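*Asks:* One-letter residues, chain by chain:
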Amino acid sequence: MIATTTPPAADPRSTLRPGRYRIALALAALVIVLLVASSILNYLYLDSIPGRASLYGLLAVALIALGTFILVRAFDRDRATRRKHLIRASVLIGLGALLWLLVIDVFLFTQSAGPAVAAICALWCLPTTAFGLFVVRRMDRNHKEPWRLVLVAAAWGAIVATSLVIWGETLWESSAQHALVPGPGLDTSLAFMAGILEELAKGLAVLLLFLVMRNEFDDVVDGIVYGAAVGLGFNFLESISYMTNLYSIFSVEGYGWIAAGIQWYGRQVLGLFFGHATYTAFIGAGVGIARQLKSRRQQALAIVAGFIIAIAGHFSWDAWATIFPIQSTVFGLVEIHLRTLVMTGPFTAAVLALLLFGIRYEGQNLLDQMRKEAATGYGAILPEEVPILASPWQRLRQRMQALSRQGVRGYLRVSRLQTAQLDLAMERWHRERKEIDDPLEAEQQLRNRVMHIRHWVAA
Amino acid sequence: MSAVTYDQLRVLYRTLLVFATVGVVILAIGLVEFAYFEPLGQSSGTRAHIAGVYEYNPSTQQTVGPDRSEFSRTEVFAAVIDWSSLPSNLIVDARWYDSFGSVEGHVGPGRAADLAQQSIVPVEVPEGHRFVLPGRYTFVVERLKDDVPVEVLGRRFVVVDRS
Numbered sequence: 001m002i003a004t005t006t007p008p009a010a011d012p013r014s015t016l017r018p019g020r021y022r023i024a025l026a027l028a029a030l031v032i033v034l035l036v037a038s039s040i041l042n043y044l045y046l047d048s049i050p051g052r053a054s055l056y057g058l059l060a061v062a063l064i065a066l067g068t069f070i071l072v073r074a075f076d077r078d079r080a081t082r083r084k085h086l087i088r089a090s091v092l093i094g095l096g097a098l099l100w101l102l103v104i105d106v107f108l109f110t111q112s113a114g115p116a117v118a119a120i121c122a123l124w125c126l127p128t129t130a131f132g133l134f135v136v137r138r139m140d141r142n143h144k145e146p147w148r149l150v151l152v153a154a155a156w157g158a159i160v161a162t163s164l165v166i167w168g169e170t171l172w173e174s175s176a177q178h179a180l181v182p183g184p185g186l187d188t189s190l191a192f193m194a195g196i197l198e199e200l201a202k203g204l205a206v207l208l209l210f211l212v213m214r215n216e217f218d219d220v221v222d223g224i225v226y227g228a229a230v231g232l233g234f235n236f237l238e239s240i241s242y243m244t245n246l247y248s249i250f251s252v253e254g255y256g257w258i259a260a261g262i263q264w265y266g267r268q269v270l271g272l273f274f275g276h277a278t279y280t281a282f283i284g285a286g287v288g289i290a291r292q293l294k295s296r297r298q299q300a301l302a303i304v305a306g307f308i309i310a311i312a313g314h315f316s317w318d319a320w321a322t323i324f325p326i327q328s329t330v331f332g333l334v335e336i337h338l339r340t341l342v343m344t345g346p347f348t349a350a351v352l353a354l355l356l357f358g359i360r361y362e363g364q365n366l367l368d369q370m371r372k373e374a375a376t377g378y379g380a381i382l383p384e385e386v387p388i389l390a391s392p393w394q395r396l397r398q399r400m401q402a403l404s405r406q407g408v409r410g411y412l413r414v415s416r417l418q419t420a421q422l423d424l425a426m427e428r429w430h431r432e433r434k435e436i437d438d439p440l441e442a443e444q445q446l447r448n449r450v451m452h453i454r455h456w457v458a459a
Numbered sequence: 001m002s003a004v005t006y007d008q009l010r011v012l013y014r015t016l017l018v019f020a021t022v023g024v025v026i027l028a029i030g031l032v033e034f035a036y037f038e039p040l041g042q043s044s045g046t047r048a049h050i051a052g053v054y055e056y057n058p059s060t061q062q063t064v065g066p067d068r069s070e071f072s073r074t075e076v077f078a079a080v081i082d083w084s085s086l087p088s089n090l091i092v093d094a095r096w097y098d099s100f101g102s103v104e105g106h107v108g109p110g111r112a113a114d115l116a117q118q119s120i121v122p123v124e125v126p127e128g129h130r131f132v133l134p135g136r137y138t139f140v141v142e143r144l145k146d147d148v149p150v151e152v153l154g155r156r157f158v159v160v161d162r163s
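These protein sequences, in sequence, are chains S and X.
Counted from 1, the first sequence has number 223 at position 223 by the working numbering; the numbering is strictly sequential.
Counted from 1, the second sequence has number 21 at position 21 by the working numbering; the numbering is strictly sequential.
It is worth saying that the hints were derived from the structure and are not from the lab.
Keep in mind that a hint or two might mislead.
Partial pick of chain S residues on the chain X-facing surface, computed with a CB cut under 8 Å [stated by the list, open to error]:
#1 A62
#2 P184
#3 S189
#4 V220
#5 E253
#6 A305
#7 I308
#8 A312
#9 A349
#10 A350
#11 L356
#12 I359
#13 Y361
These figures come from a predicted structure and were not determined experimentally.
Virtual Cβ for every residue (Gly too), placed ideally from N, Cα, C.
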């Protein structure tokens with residue numbers, strides 16, 4: 001009999017109130033202080049549209065940040081209080097998004113192209129970004145991330161990261177334009193600016209997600225998924241911004257929509273995965289690998305390494321893409337595609353290599369844990385279920401069989417059972433590696449949950 | 001945990017470090033490029049006097065009206081430089097850059113004394129366009145060394161409205 005009143009944690013050194021929340025709060029506070037300082041400076045010294053946007057946008061950022069925090073923490077609460085927190089989070093995020101759209105439309109786009117053009121551009125970008133998020137989430141073949149967190153990551157990329165960037169880049173660009181010789185030197189400085197500031201802003205979202213929701217941030221695969229989702233969110237808003245801007249510039253010449261369409265193709269089709277998604281996926285990979293490393297030094301090095309690759313990839317595109325010759329002939333269309341392939345392709349290939357290796361690593365360990373769980377005889381995972389659970393295709397087949405027998409409800413029930421079983425295997429894996437805060441009772445709760453769903457499925 | 005899976009995590013970690021090393025090399029090349037085009041110690045202390053930026057009449061090739069920093073996109077404008085404010089043997093040029101960083105009108109390069117007759121530097125409407133593109137324009141007077149601009153001797157910013 002266990003005589004202690006405190007449930008034992010898997011990692012004896014960890015406490016049940018992890019210090020990483022304090023780090024997350026400190027980081028968030030730092031971001032807010034930086035935003036306040038830079039926006040006030042912008043407003044005082046630049047007296048421009050971005051200056052005003054920065055000041056009014058502050059409240060939107062604060063609302064989104066607070067709403068996100070409440071949202072992700074809501075799922076750790078019991079059912080009775082969860083609903084209250086979800087409503088609170090939804091209201092805050094809704095207000096923040098509304099305010100931000102207002103800022104963007106009224107102060108940035110309305111003066112140039114008008115809110116109708118901005119809305120049309122957003123509608124163009126929505127399906128492609130949604131497709132990107134769908135693909136990115138599907139990449140995690142063994143243990144898919146919850147949609148709510150993937151969407152939170154994308155929202156952070158779209159709203160908070162872009163806000164951070166507007167202010168940082170306005171200051172950097174303005175200083176550089178006042179101090180440097182126009183030409184390659186200035187271009188290089190601006191490429192450093194985009195690489196450093198944009199990747200730091202996006203990476204911060206990945207880092208905060210990891211600190212606050214470590215239970216849903218299992219390994220390198222999850223890191224790549226969240227990182228790419230943040231990148232896609234950022235790319236979404238950046239695309240709207242560029243499309244609207246170019247429309248307003250070229251509409252007088254009669255080809256505003258053509259200019260916007262070219263931007264859309266470049267950013268939402270050609271650059272959907274070859275761009276922000278790739279760069280930020282590296283940051284996620286670094287955080288994901290650090291998640292499973294033991295030594296503090298190695299953890300720090302992995303995170304820094306992720307940031308360095310992301311910044312370098314982004315920098316190389318911004319600084320050297322123009323070196324690649326693009327002729328103003330039909331062959332130029334081929335060259336545009338080749339340029340993306342040559343400049344960003346190696347980075348995308350590298351992140352895919354990490355992803356595939358991570359999926360294999362994760363899959364082997366989940367299989368190992370499923371076998372061990374089946375051997376315990378608790379009945380949460382049966383020996384004959386192991387090969388099905390280990391294969392995404394066999395899992396799909398099992399769900400489709402349930403669909404044909406019992407319809408959509410049957411499909412969803414089997415899907416929940418499979419998810420719960422994979423959650424259990426993942427929990428066991430983290431516990432075996434002593435990289436989890438949850439007490440041992442949490443594992444038994446997962447087991448009970450599987451048993452409960454199994455009875456439900458059988459019924 | 002088996003030794004095999006530990007090695008797999010190590011492989012991931014080391015692969016990431018190898019990629020990061022490549023990243024460091026890329027960033028280092030970027031710094032070298034920046035240092036080449038923005039060499040240290042190039043400040044000569046010389047300042048070019050830009051008399052102003054004015055509306056420009058292409059038919060008379062003369063400026064009209066007062067010094068301004070904001071124009072509508074249907075207006076053509078030009079900067080006026082006092083080349084005599086620079087040492088006569090200094091190799092210089094003057095350029096207009098649009099918000100995309102493209103050169104939209106220039107004078108030089110040449111010795112400051114030789115450019116005395118070209119004190120008006122108009123901005124050019126891009127080929128195939130009816131008007132200048134809106135956005136922020138930068139006018140610079142640059143000192144050149146080995147055909148590479150190394151120092152800005154004078155600078156003006158002008159905004160062209162979208163409407």
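*Asks:* So, against the hints stated earlier in the document, which numbers end up violated here?
*Replies:* Those not satisfied are hints 1, 9, 11 and 12.
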